[in-house]
Amino acid sequence: MKILVPVKRVVDYNIKPRVKADGSGVETAGVKMSMNPFDEIAVEEAVRLREKGAASEVVVVSIGVQQAQDTLRTAMAMGADRAILVLTEESPEPLAVAKVLKKLVEKEGPSLVVLGKQAIDDDMNATGQMLAGLLGWGQGTFASKVDVADGRVLVSREIDGGTEQVSLVLPAIVTADLRLNEPRYASLPNIMKAKKKPLETIPAADLGVDMAPRLTIVSVAEPTERKAGIKLGSATELVEKLRNEAKVI
Amino acid sequence: MTALVLLDHEGGQIRKAALSAVTAAARLGDVHVLVTGDAALAQAASRIAGVSKVLHAADARYAHELAEPLAALVASLAASYDHVVAAAGATGKNVLPRAAALLDVQPIPDVVSIVDAQTFVRPIYAGNALATVRSADAKKVLTVRSASFDAAAAEGGSAPVEVVAAVESPDVSRFEAVQLSDSARPDLESARVVVSGGRGMGSEEKFHALDPLADALGAAVGASRAAVDSGFVPNELQVGQTGKIVAPELYMAFGISGAIQHLAGMKDSRVIVAVNKDPEAPIFQVADYGIVGDLFEVVPQLVEALKK
Numbered sequence: 001m002k003i004l005v006p007v008k009r010v011v012d013y014n015i016k017p018r019v020k021a022d023g024s025g026v027e028t029a030g031v032k033m034s035m036n037p038f039d040e041i042a043v044e045e046a047v048r049l050r051e052k053g054a055a056s057e058v059v060v061v062s063i064g065v066q067q068a069q070d071t072l073r074t075a076m077a078m079g080a081d082r083a084i085l086v087l088t089e090e091s092p093e094p095l096a097v098a099k100v101l102k103k104l105v106e107k108e109g110p111s112l113v114v115l116g117k118q119a120i121d122d123d124m125n126a127t128g129q130m131l132a133g134l135l136g137w138g139q140g141t142f143a144s145k146v147d148v149a150d151g152r153v154l155v156s157r158e159i160d161g162g163t164e165q166v167s168l169v170l171p172a173i174v175t176a177d178l179r180l181n182e183p184r185y186a187s188l189p190n191i192m193k194a195k196k197k198p199l200e201t202i203p204a205a206d207l208g209v210d211m212a213p214r215l216t217i218v219s220v221a222e223p224t225e226r227k228a229g230i231k232l233g234s235a236t237e238l239v240e241k242l243r244n245e246a247k248v249i
Numbered sequence: 001m002t003a004l005v006l007l008d009h010e011g012g013q014i015r016k017a018a019l020s021a022v023t024a025a026a027r028l029g030d031v032h033v034l035v036t037g038d039a040a041l042a043q044a045a046s047r048i049a050g051v052s053k054v055l056h057a058a059d060a061r062y063a064h065e066l067a068e069p070l071a072a073l074v075a076s077l078a079a080s081y082d083h084v085v086a087a088a089g090a091t092g093k094n095v096l097p098r099a100a101a102l103l104d105v106q107p108i109p110d111v112v113s114i115v116d117a118q119t120f121v122r123p124i125y126a127g128n129a130l131a132t133v134r135s136a137d138a139k140k141v142l143t144v145r146s147a148s149f150d151a152a153a154a155e156g157g158s159a160p161v162e163v164v165a166a167v168e169s170p171d172v173s174r175f176e177a178v179q180l181s182d183s184a185r186p187d188l189e190s191a192r193v194v195v196s197g198g199r200g201m202g203s204e205e206k207f208h209a210l211d212p213l214a215d216a217l218g219a220a221v222g223a224s225r226a227a228v229d230s231g232f233v234p235n236e237l238q239v240g241q242t243g244k245i246v247a248p249e250l251y252m253a254f255g256i257s258g259a260i261q262h263l264a265g266m267k268d269s270r271v272i273v274a275v276n277k278d279p280e281a282p283i284f285q286v287a288d289y290g291i292v293g294d295l296f297e298v299v300p301q302l303v304e305a306l307k308k
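Heads up: the protein sequence lines correspond to chains A and B, in order. Everything in the first sequence is counted per my numbering, starting at 1 for the first residue and increasing by one. Everything in the second sequence is counted per my numbering, starting at 1 for the first residue and increasing by one.
No wet-lab data here; the hints were simulated from the structure. One thing to keep in mind: the hints can contain errors.
Claimed, not checked - In silico lysine to aspartate or glutamate, EDC-like type, Cα no more than 20 angstroms apart, as pairs: (1) A:K145 with B:D229; (2) B:K16 with A:D160; (3) B:K308 with A:E245.
To be verified - Covered stretches of chain A (in silico footprint by chain B; criterion: 3 or more residues with CB under 8 angstroms from a CB of chain B, positions within the stretch not fixed): (4) 54 to 61; (5) 132 to 141.
What the hints assert, rightly or not - Below, a sample of chain B positions facing chain A; criterion: calculated Cβ distance under 10 angstroms: (6) P97; (7) V163; (8) K206; (9) H208; (10) V271.
A quick note: this is a predicted structure, and the numbers were derived from the prediction, not measured. Cβ atoms here follow ideal geometry from the backbone N, Cα and C, with glycine treated the same way.
Working from the sequences, and respecting the hints, build out all of it.
Structure below.
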C-alpha cells in the first residue's frame, strides 16, 4: 500500500506575520519558511503506518516554487521515501491544488492520502475534503487516531462536542488534527540520507489543470489591536469593575 | 436571491452556531435551511426566525452528517441557490468544501463580515491579518464564524417543511460511534461568559479549581492549547487558532500566557480579564482588567466576592 502526503511550504509558525504596506498580502520575502505544522503530523502518521507494516511506500508532494524542495527534503528526512515537486510560481487555491493532486493520485495510485487539516497561512481547511470530493473517496477529516485494517481505515475525528469514529473504504483521504501524533525531529544521518532520495520535478503546466484563481484579494489589513487595560489589586476590585464599569456580570 | 443554510446538529439539538449562519445568510437574501435527522429537528428548524423554507433530508444516510452523502445532496440542491452557507464548525468545515469541489467552486471559509454578495472578509494567518476576497464563482460556498454574527431567534418562525429525497453518492463511509463530553455548562462558542485555564492550572485535578467560578457565573469552561497538550482537559475545550473561536461578553483567562495562537481564538471578546503570576505575560496586553497573582488564591476570592 502506497501513501501520498501533500506538504505545503508556509511562513514559519514562530514568525509573527506582517501585512505588506500596500495591503496586497502578507510579507513572505526574506521570512523564514517551514513545513506547515499540520503537514508534519501527516508525514509522521504516514511514516508510522509504513514502520508498522501497514504501508510499503510514502510519497510526499508539494506544489509551489523551487524552494519547496527544502520542505520535501525535510519530509524525506522524517522518513518519506521519495518526493514530487509540482513547480509553479503561483500560489494556487485549494480547488486548484485538489485538481493537481487528483492527477497525481491517478498517476501514483495510492491507497491513502494523508494531509494536514489546514495550512497556517491561508487557514482554508479545504484541500483534503475537496480532493476526496473530486475522487469520490471517503474522507476522515480532523483525525486524532487512524487504524488501517482489512481494506478500511477507521478514523477518530475531532468534532465540536467530542470525538466520533468513521470507517472508510480504501482508498481514502485522512486529514490530520493536532492530537494525531507528535512529529519526530529528523536526525542528522537521516537529513544526509534524505539528500540522496529521489525528487522528481513536474512543471504544473504539464498536468493540464486549470489553476486560475477564483478569488481576488481585494485587500489584506491588520486587525484592530486591543489596548492593554488596567491592573487591579484584588478580586473584590475586579468584581466591582465587572459589575459597575464593564457591566458584564 | 436565496441562500441555503446547512443547519448542523449535535445530541438532538440544532447547534447554536447554525443560528448565526442563518443571520449571515439573511444578509444575502431569502433563507432556506437544510437539516438532517428526525422530524423533531425539522420542526425546530421551521421555528427559527427568518427562515422561509425547511428542506428536511430525512433519509437515514444523512442522520450523522457524513460528508460523502451530505455533500452530494448539498451540491445537487445548490442548483436553486446563489449562496450555500454553514457555521464554521466541524460539520460545515467537513461537508461544504467537498460540496464546493463537486460544484467546481472555491469555498470561502471562516467569513467574519459580508461586504456584498460576492465579497467577504475572512481572517488569515491565525487572525493576524484580515483578507477581503471577491469570488468569481457563479455560486458562493461559505462557512461563517458564529462569533461574528448574532444568533437568529430559535423561536418565532413558522416555515413550511419539505422532505427532500436522497441522491446518489459513493457508498464509501460508515458512521461508527460518537463520544460527546457531557457537560451541564453552556456551549463554549455561544456562552456569555467563558472561564479558561492554561498551563498554569498545573494538572487535570487542579483544573477543576475553575469549576466554582464557572458555576457562579454560569460560564462555559475553555482552555489554552498548552492545557490541552498537557492533558489537563479534552481537546473540545480548546480556544485558539487550532481550537474554537469565541467572542463572549466576558472572557476570563487564568494561568494563560497569551500565545498568538490562543489570542486568535478570543481577542474579539468584549471584556477580557487575565490572572497570571507573570506580570510580563502577553495576555495582559489584550486584557481590559488584569491581576498579577496566584490564580489558586484569586479564584476562590472571586467566588466569595461574587456572593456579595
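So which of those numbered hints doesn't the model satisfy?
4, 7, 8, 9
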